[in-house]
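Let's have the full structure, built from the sequences with the hints guiding it.
Here the sequence shown is numbered in the working numbering, starting from 207 and rising by one per residue.
Derived from the structure by calculation, the hints contain no laboratory data.
Virtual Cβ for every residue (Gly too), placed ideally from N, Cα, C.
Among the clues, some could well be false.
Beta-carbon label-pair distances, calculated as ranges [said to hold, decoys possible]:
#1 G285 x W460: 43 to 53 angstroms
#2 H309 x V366: 19 to 29 angstroms
#3 F456 x G285: 40 to 50 angstroms
#4 P430 x R461: 37 to 47 angstroms
#5 I383 x F247: 27 to 37 angstroms
#6 W215 x R461: 38 to 48 angstroms
#7 D434 x A282: 43 to 53 angstroms
#8 I229 x E442: 31 to 41 angstroms
#9 W313 x P231: 44 to 54 angstroms
#10 V211 x R461: 21 to 31 angstroms
#11 W460 x L307: 15 to 25 angstroms
#12 V366 x I229: 34 to 44 angstroms
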Amino acid sequence: MESVVYSIWLAGLGLLFVALERIWPRRPIPVFRKGIWSDLFYIVFNSKYLGILTAYASAHVVKVFHLDFLRIAVLAEAGFWTQFWVLLFVFDFLQWCVHNLLHRVGWLWEFHKPHHSIVDLDWIGNWRFHWVEVVVYGALLYFPFGLFGFSGEAMFWNGVVSTLVGHFAHANLRWRIGPLKYVINSPEMHIWHHNHPDCGPVNRNFGITFSLWDWLFGTAWTPPADPDRLGFEGIESYPDQLPGQWAMPFVALWRRASGNLKG
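The structure is reproduced here in structure tokens:
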């Protein structure tokens, strides 16, 4: 039932941001831009199937291997609002840490590259993730949080809020949010997470829901203007459709392994 309700929220938020991007666009990006059909598949697959499946699989592991004794009873018995705020902040900080790893560990970066292959950043780009990356997030986040005994309601609303802010941060919107940028992720910050190396420093603005982690740990970067280009070195030859984006990380790792063996 919760997956159905989340799908309704997802559809509603999608329609909202389609409208907002038409009214206040940062750049003139057509609705049916290049790669849109692949991204529509990503949003259905990663939200409706893979993400939910990973979360349920993590909870199932706890039951099958009788790991309930590891649960932290204090949080399991806490009220909704306590669970919600703890989950929102702690989960987001751990996402920030994992996001750092995706950029700094070579083989993880190959699987994160499809997300950074977006050259026309908009709300739906929030879902362009390789399935291996979704599994990595699940293993490092969903499984441990299954041990905390958070209620389904708290996890559901955490998902809704994270989706809302994720859509907002990726949206093609010319919005600036003033002092709130020090707390909440936003288009003015996140576009500089996707900038091409030719436009400025990379590995900045890792925030998912909250930007405050970047300000606290020195990875925030907010120039007054937008970058001229998005992507990474070699993006010109990177696949712009889903089959190639799914295959490319494995090809890159095979080439790297073959080179090491020859060396």
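| message | Of the numbered hints stated earlier in the document, which are not met by this structure? | response | Hints 9, 10 and 12 not satisfied by this model.
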